[in-house]
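**Student:** Letter by letter, the chains look like this.
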Amino acid sequence: MAELKDKIQQYATRLGDDSLVLGHRISEWTSHGPFLEEDIALGNVALDYVGRARMFYSYAAELAGEGKTEDDFAYLRDEREFQNYLINELPRGDFAFTIVRQLFVDVYFNYYLTELKKSKDPELAAIATKSLKETRYHLRRSRDWTIRLGIGTEESKTRMTKALNDLWGYTHELFEPDELEIELIELGIAVDMRELKANWLSDIKAIVKEAELEIPDAEWAVRGGREGFHTEHLSMLLTIMQSVHRANPGANW
Amino acid sequence: MAELKDKIQQYATRLGDDSLVLGHRISEWTSHGPFLEEDIALGNVALDYVGRARMFYSYAAELAGEGKTEDDFAYLRDEREFQNYLINELPRGDFAFTIVRQLFVDVYFNYYLTELKKSKDPELAAIATKSLKETRYHLRRSRDWTIRLGIGTEESKTRMTKALNDLWGYTHELFEPDELEIELIELGIAVDMRELKANWLSDIKAIVKEAELEIPDAEWAVRGGREGFHTEHLSMLLTIMQSVHRANPGANW
Amino acid sequence: MNSSLSDLEQAFQAKIDAEQKIEPKDWMPAKYRSNLVRQVSQHGHSEVIGMQPEGNWITRAPSLRRKAVLLAKVQDEAGHGLYLYSATETLGTSRAELIEALQTGKAKYASIFNYPTQTWGDIGAIGWLVDGAAICNQVSLQRTSYGPYARSMIRICKEESFHQRQGYQIMIELAKGTPAQKAMAQDSLNRFYWPSLMMFGPHDSDSAHSAQSMKWKIKRETNDDLRQKFIDQTVPQIEYLGLEHPDKDLKWNEERGHYDNGEIDWEEFTSVINGNGHCNRQRISHHVAAHEEGSWVREAQNAYNKKMKARRASAA
Amino acid sequence: MNSSLSDLEQAFQAKIDAEQKIEPKDWMPAKYRSNLVRQVSQHGHSEVIGMQPEGNWITRAPSLRRKAVLLAKVQDEAGHGLYLYSATETLGTSRAELIEALQTGKAKYASIFNYPTQTWGDIGAIGWLVDGAAICNQVSLQRTSYGPYARSMIRICKEESFHQRQGYQIMIELAKGTPAQKAMAQDSLNRFYWPSLMMFGPHDSDSAHSAQSMKWKIKRETNDDLRQKFIDQTVPQIEYLGLEHPDKDLKWNEERGHYDNGEIDWEEFTSVINGNGHCNRQRISHHVAAHEEGSWVREAQNAYNKKMKARRASAA
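Chains as they are written, first to last, in this note's numbering: chain U, 109 to 361; chain Y, 109 to 361; chain A, 10 to 325; chain L, 10 to 325.
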């Protein structure tokens with residue numbers, strides 16, 4: 109039983125990592141948005157992800173015991189311990205990059221959280237329930253923007269095409285559970301995205317088509333997030349994010 | 109006497125801060141230069157400044173005693189303790205910005221180090237002697253580039269003009285010693301740049317004229333480096349620079 | 010015509026004297042309109058530019074709770090900017106004109122944002138002192154004579170006092186924290202106290218627009234009165250934190266029932282406004298860069314809307 | 010004509026067999042030239058692209074000494090890139106052509122640089138293992154048949170062995186440091202060991218260009234022989250560090266007088282080369298971005314030179 113608890117803790121931590129790292133990237137848009145309304149909307153999305161990270165980490169901390177808190181998970185783990193999927197850590201890029209990443213992730217989470225609501229772990233199910241509503245709002249946004257920018261101008265189309273190409277290879281690992289996750293899937297705790305890849309793909313295809321864009325036929329795929337094998341971007345993100353916290357060991361804020 | 113030692117230590121630390129922060133900014137050009145030869149040349153300049161910082165900090169550490177090292181000065185002081193002039197901490201900008209900053213600083217150091225060679229403090233004089241040769245090489249480079257880019261194309265002229273405008277207001281504080289420095293000037297230890305401002309200005313004017321550019325007539329001036337009153341750029345620089353060192357307290361490298 | 014204008018003006022002033030609100034479609038003197046545009050847009054620009062110094066620490070906030078609170082706060086500022094820009098638009102000035110005036114320096118924003126945020130403590134000090142000073146002003150403006158402005162002030166005040174409490178809570182944590190944290194708190198207080206006092210503007214005797222603005226109830230209290238209120242309320246807050254007061258000449262004046270304060274360095278005030286602050290150029294060039302970076306998005310959105318309209322038209 | 014070409018070829022081969030150097034102006038077979046361009050430029054591109062993963066840690070080097078050493082090292086790499094580009098230029102391929110081939114993917118660089126540097130330990134591992142593997146290869150190439158290439162190898166080898174020592178010293182400090190440092194060293198060793206073995210290229214039996222290149226002495230030792238040398242020399246180095254060897258199947262073979270190693274994952278090798286590494290796209294887009302960012306500088310330099318020439322001409 110103790111071992112299962114550790115595994116759920118690790119699973120919750122991973123989901124926290126995904127949310128925190130992505131939330132951090134979106135928060136980098138603050139005061140950089142294309143207009144004020146978008147600054148507000150992007151702030152909302154960033155807030156939702158940071159909030160989600162806090163729920164997952166708090167649950168992981170509860171399972172870890174020993175007085176651990178959400179901040180221990182966010183601020184005191186190293187690059188190699190973070191297990192977020194790589195797509196979340198890529199730099200914010202231009203607005204097209206951010207929108208395409210959100211589209212991929214929002215469609216994904218729409219399925220993921222719907223499944224996680226049915227988890228046999230009631231805490232995870234509860235977090236999923238709270239988060240799903242936000243994700244539906246995010247998805248409306250990223251879908252609408254994809255269509256607007258796909259159809260808008262030559263430049264916006266070019267940028268969206270580039271973003272699709274640059275991001276496509278990072279989507280594959282989202283559907284490849286490792287041993288830990290397979291074990292938790294079999295216990296009805298974790299979500300099995302292998303089965304939902306076809307749905308994800310068909311949703312994305314439909315939206316991309318409506319946006320008069322095309323799915324890349326590139327065959328590359330980069331993997332490694334769940335093993336802590338990250339791109340060079342994550343360590344700089346953590347360097348910045350953890351700096352004040354680490355410079356003052358043991359302080360309260 | 110103990111008090112004088114502290115003052116010299118602080119003076120050496122300031123000179124170390126100037127060198128380290130500027131060296132750091134130049135080092136950010138690595139693999140970003142306009143061609144390979146420039147990557148090498150910029151690497152050289154960065155190396156010279158880091159080397160200079162090490163000499164000044166080592167001397168400060170020696171004066172501080174208590175087993176302090178150069179790295180304590182570089183890695184374990186906070187933003188408010190750094191006393192470099194602001195011009196050194198500004199982000200690298202484009203190549204024009206880097207060249208104009210170097211021009212200002214190189215002409216400055218050419219006078220500064222020539223004076224510092226005569227310091228009654230033999231350690232400071234020795235560091236000045238070693239550094240002056242490098243600075244003469246730097247100055248040849250920044251002078252040549254200023255002329256090339258000033259005369260080159262419309263775009264290069266526009267960029268150089270913008271860089272002159274953006275940097276001009278940061279040059280004033282370079283010639284304004286504070287109480288500590290005035291005391292050390294009177295003791296023949298520190299350099300008095302008040303007297304050399306006219307020379308600096310006349311050299312800069314001559315080079316800028318040869319480059320077919322103009323000295324800005326803007327009247328703004330930002331001050332505060334020697335009081336630790338920095339722009340928002342320094343804290344991010346230190347966040348990055350100190351991250352690995354601080355994450356591993358007490359470790360050797 | 011002259012006499013009828015004068016009639017209009019009299020009726021206008023009578024309405025104001027009777028504490029009735031002026032609404033967008035009402036007649037108003039050209040000068041009332043332009044003063045209002047100046048004041049409301051400056052207020053809006055301050056919210057927008059204010060996002061930068063605080064945004065500077067979102068990625069480094071030292072706990073997840075603080076990160077979320079700060080994100081929400083900066084987002085609120087964007088919202089306040091929007092309300093105020095909308096209020097200005099009701100006076101006939103478009104968003105594009107507002108942005109241009111900000112970027113070319115024709116319009117001002119609160120000069121406090123020309124000071125840099127150097128440490129995390131500054132986020133506490135800004136919330137506590139800068140928002141605190143802003144609230145003193147904004148509370149009085151809830152009764153301002155222009156309807157849309159007064160109504161946005163009511164919404165904004167509610168959120169700002171929330172922000173101020175959050176800023177003060179950061180300061181409490183620091184002040185009761187480790188020695189390094191306490192030093193950080195003191196340092197931020199020292200740097201932001203005086204500029205906060207300057208936020209109320211020059212002494213009444215030196216204030217250019219005050220008399221007319223008071224008469225039109227664009228302003229409701231004088232700079233010095235508002236400043237006094239702020240000085241008085243801040244003293245016990247500093248005491249509670251156990252920090253040193255930055256004003257060494259501060260003294261309770263029994264007779265006035267207020268604190269007498271040390272001299273404000275108005276030269277610094279003028280100097281920073283006139284371009285010698287650490288961040289004047291940075292704030293504007295950041296805004297320009299973001300605006301330019303976003304231009305293709307705005308263009309794409311317009312193009313999309315036009316295309317859709319055309320397609321609907323040709324389908325019909 | 011055919012027979013005279015054949016005569017030339019025979020003379021050429023005889024010269025090579027006699028260990029004489031081929032120089033730029035000498036006759037050489039077109040295929041010798043093109044093989045050489047491919048090999049030397051790939052080597053040059055590896056130096057240039059190799060600046061990126063190491064440059065990633067210059068701003069974060071944990072001591073001033075390490076920062077200076079790393080800066081100097083990356084600068085040396087730029088220098089090596091220059092020597093090798095110059096050697097390629099002697100074969101009639103211009104710098105612009107070289108850069109274009111790199112940026113369009115026509116030319117390759119060492120696939121090891123498609124792996125990310127995740128921690129400071131990676132800087133140690135790269136210096137020690139990647140430069141170590143490079144040296145094994147380069148030492149043999151000091152005797153390569155093309156003069157300019159052989160001479161640049163001699164210069165480069167001297168500096169590279171310096172780099173390798175510096176990398177190993179980083180590893181020593183980490184391995185004998187705090188538990189966190191030791192873990193960092195082990196982790197970097199684990200990640201960079203196998204890709205270093207792959208640097209020598211496929212097994213001799215699968216190597217496309219090997220036989221002809223050996224005959225022309227463009228290569229002097231086979232991939233497998235060089236790899237064996239590297240494996241053997243690395244074992245005692247790992248032991249000295251007190252780290253675990255990443256190859257669990259490694260065994261001393263008394264008979265061969267060499268270590269037998271575990272199987273290399275050639276699928277990973279192919280996969281990374283073909284675009285599935287963490288950094289393939291990043292490396293090229295970084296190079297393209299820097300090159301484009303610098304185009305106005307190069308243009309200005311050319312324009313300046315032209316203007317000066319014209320002025321001198323009109324003054325004369």
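Derived from the structure by calculation, the hints contain no laboratory data. It should be emphasised that the depicted structure is a prediction, and the values quoted were computed from it without experimental measurement. Among the clues, some could well be false.
[Unchecked claim] Here chain U is said to cover these stretches of chain A; the calculated rule only asks that three of the stretch's residues, wherever they fall, bring their Cβ under 8 angstroms from a Cβ of chain U:
| hint | region |
| --- | --- |
| 1 | 50-63 |
| 2 | 83-97 |
| 3 | 187-199 |
C-beta atoms are modelled at their ideal positions from N, C-alpha and C, and glycine is treated no differently.
**Student:** Hints first: check each against the structure and report whether it holds.
**Tutor:** Here is how each hint holds up against the structure:
Counting residues of the region 50-63 of chain A whose C-beta lies closer than 8 angstroms to any C-beta of chain U gives 3; at least three are required, and the coverage claim holds. Beta-carbon proximity to chain U at under 8 angstroms applies to 7 residues in the region 83-97 of chain A; the threshold of 3 is reached and the given coverage holds. With a threshold of 8 angstroms between beta carbons, the proposed coverage of the region 187-199 of chain A by chain U holds, since 3 of its residues qualify and at least three are required.
Of the numbered hints given earlier, the model fails none.
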